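Chemist: The chain contents come next:
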Amino acid sequence: MIRTFGKYARLLGNLARYTLTRELAFRGNFLVKVSVEVLWLGILIAFFRTVFAKTNTLAGWTEPQYFFFVGCFFAVNGLIETLFMENCNEFAELVRTGDLDFLLLKPIDEQFLVTCRRVDWGTAPNVIMGFILMGISLVQMGWQFDAVRVAIFLLTFLCGTIISYCFMLLLTSLSVWMVRNQSLMEMWWLFSSLARYPKEIFAGPWGAPLGFIFTFLIPILVVVNVPSNAMVRMLEPGIVLLTVVATVILLWLSRRFFQKALRSYRSASS
Amino acid sequence: MTPPDSIGATMPTNEAIKSSSAAPSPTDSGGGEPPIHRRPWRTLRKYATIFRVSLSERMTYRSDFLIGTTLRFLPMVTTILLWQAVYVGSGQASLAGFNYNEMIAYLLLVHISRMFSSMPGLAGGIAREIREGTLKRYLTQPVDMIGYLTSYRIAHKVAYITMSFIPYAILFFICRNYFETFPDPLTLLAYAISLILAFMVGFYFEATVGMVGFWFLEVTSLLYIVMTLNFFISGHMLPLDLLPQPWQGILKALPFQYMAYFPAVVFLGKVRGMNLVYHLLGELAWAVFFLVLARFLYRRGLRRYGAYGG
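If you read the sequences in order, they're chains A and H. As numbered in the numbering used here, residues 360 to 629 make up the first sequence, in order. As numbered in the numbering used here, residues 120 to 429 make up the second sequence, in order.
Quick caveat, the hints were computed from the structure, so don't treat them as lab data. A portion of the hints provided could be inaccurate.
In silico SDA-like cross-links for lysine to any residue, where the CA-CA straight-line distance does not exceed 25 Å [claimed, not checked]:
| hint | chain 1 | residue 1 | chain 2 | residue 2 |
| --- | --- | --- | --- | --- |
| 1 | A | Lys413 | H | Pro365 |
| 2 | A | Lys413 | H | Asn218 |
| 3 | A | Lys413 | H | Thr198 |
| 4 | H | Lys389 | H | Leu403 |
| 5 | A | Lys392 | H | Pro239 |
| 6 | A | Lys413 | H | Val390 |
| 7 | A | Lys619 | A | Leu530 |
| 8 | A | Lys413 | H | Trp202 |
Fair warning: this is a prediction, and the values are worked out from it, not measured in the lab.
Next comes chain A alone, as it looks inside the complex:
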């Protein structure tokens, strides 16, 4: 068990180093990718600055609290994009061309190989930018250091990232049946739009039931909400527990689904 874990950790480290070398061979491209992300964060900030010029609170979140949320979202999303997005996005093409055969033949776990093959260093600075934004908002709201909150934040932040990964894996697996799932990147963007806002906005006659569904049945809302809530608003042990349980269940479920998808893979045109 430990040896297997060590092997995969070493493998991941080597893959990360290899992709970094590749990335640095095209430094200009890398810089452009980073500047697009900076631009995007700038747009998000401009958008919410405009909104908060018209209102003091948004669904009970003050401006600094909200920017902490935005920073948290940016960091989680950055982590997902850095580690998994590009790999999952390529999966449909591997299925369509039949090149997936080569990955299946290797003596390494298929899920690991399909989802962790490459590290997209271009989006890695997003994680840092997200943490900087979170730091700035903490200073702005005069946050008092609290070790328990930090610990729970880190735990739920990790859980949130894993939950996002599981959802991405579920979406990716669909391409085995759909063959062309070129728009995974877009689909992911659309799906993750649910995680982009505080769950308190899910109010009203149809908003509240949706909020319930996306918290308890398809727990995408907990991804950013729970860590940010634990850090800058109230600490709710119940929902923290739910997040941890959901992480375990989703990890198992998405892996099962992925393996089921692989069994349906017909290795076309090979």
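Since the structure of chain A is already known, use the hints to place chain H on it.
Modeler: Using the frame of chain A, we list chain H on its own:
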């Protein structure tokens, strides 16, 4: 990595064809030369065929498309909820002249604007043809590149709009209460015109960006920056009226507002009378401006075109 001599060999050929490609002469079609008066008909049929082939290509992967369209509504759900929270939080009925219903209607309508004005893959495609050298097929065949791409794109848009019609009709039906008044026929006509012009502004703007590929072989990076920025400055995320003053004035002077903001406010009846006419003329002017610019860059670009890749 093309050997220099092959570039030298193809260059004069390109030069020779380039002069005739813009206005195809009867000799272009090789064998049976059509009489002069039948030429427009043949040209039309040629582009109609391109249209038909592209249309059936678009219809091949339907499940991909359907899931995509359904998921596309999710952000709309969160947008409605977000703005509901904004209006509740502000305690005001109207923000920058938009009440809550108008705001949601606006944010729904920008989807329609973007349906016409967004051109996924256009600039990148042009840049790739330049980089890989496949551009020369437009130089050796009696098809004008911009004309071909226009037919192709219109086909994609027709397929896309036809297939999205039902999901969008359902969406607008569910959200019908956000539309307080239905525009009068004249406004609708202006709306239709503004959408067609939005297509033209969007198309020729992206084509122009793609032509930059003649000078810089890698434009995808530039394109990413432009498209990301466009998302905000076209008014896709929020009405430009909400922005503080210097920015609002600047963005309303730029062509990008015509790709999302302008058609939506026309539908909502926020631009009326002579103001509407001036703005439509302005939109037309930008469309023509980018059309001319794209063609100009294309001609200038062909002079430096190296026909890489064999």
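Chemist: Now tell me, hint by hint, if it's right for this structure.
Modeler: Here's how the hints hold up against the structure:
With a C-alpha separation of about 17 Å, the suggested pair A/Lys413 and H/Pro365 falls inside the 25 Å cut-off, and the hint holds. The straight-line distance between the Cα atoms of A/Lys413 and H/Asn218 is roughly 13 Å, inside the 25 Å bound, and the hint therefore holds. Proposed proximity of A/Lys413 and H/Thr198 is supported: the alpha carbons are some 16 Å apart, at most 25 Å. Between H/Lys389 and H/Leu403 the CA atoms are separated by roughly 19 Å; this keeps the pair inside 25 Å, and the hint holds.
About 18 Å separates the Cα atoms of A/Lys392 and H/Pro239, which keeps this hinted pair within 25 Å; it holds. Among the hinted pairs, A/Lys413 with H/Val390 is consistent with the structure: their alpha-carbon atoms are about 23 Å apart, no more than 25 Å. Proximity of A/Lys619 to A/Leu530 is assessed by CA-CA distance (about 13 Å); at most 25 Å being required, the pair is judged to hold. Distance hint between A/Lys413 and H/Trp202 is fulfilled; the C-alpha atoms sit about 11 Å from each other, no more than 25 Å.
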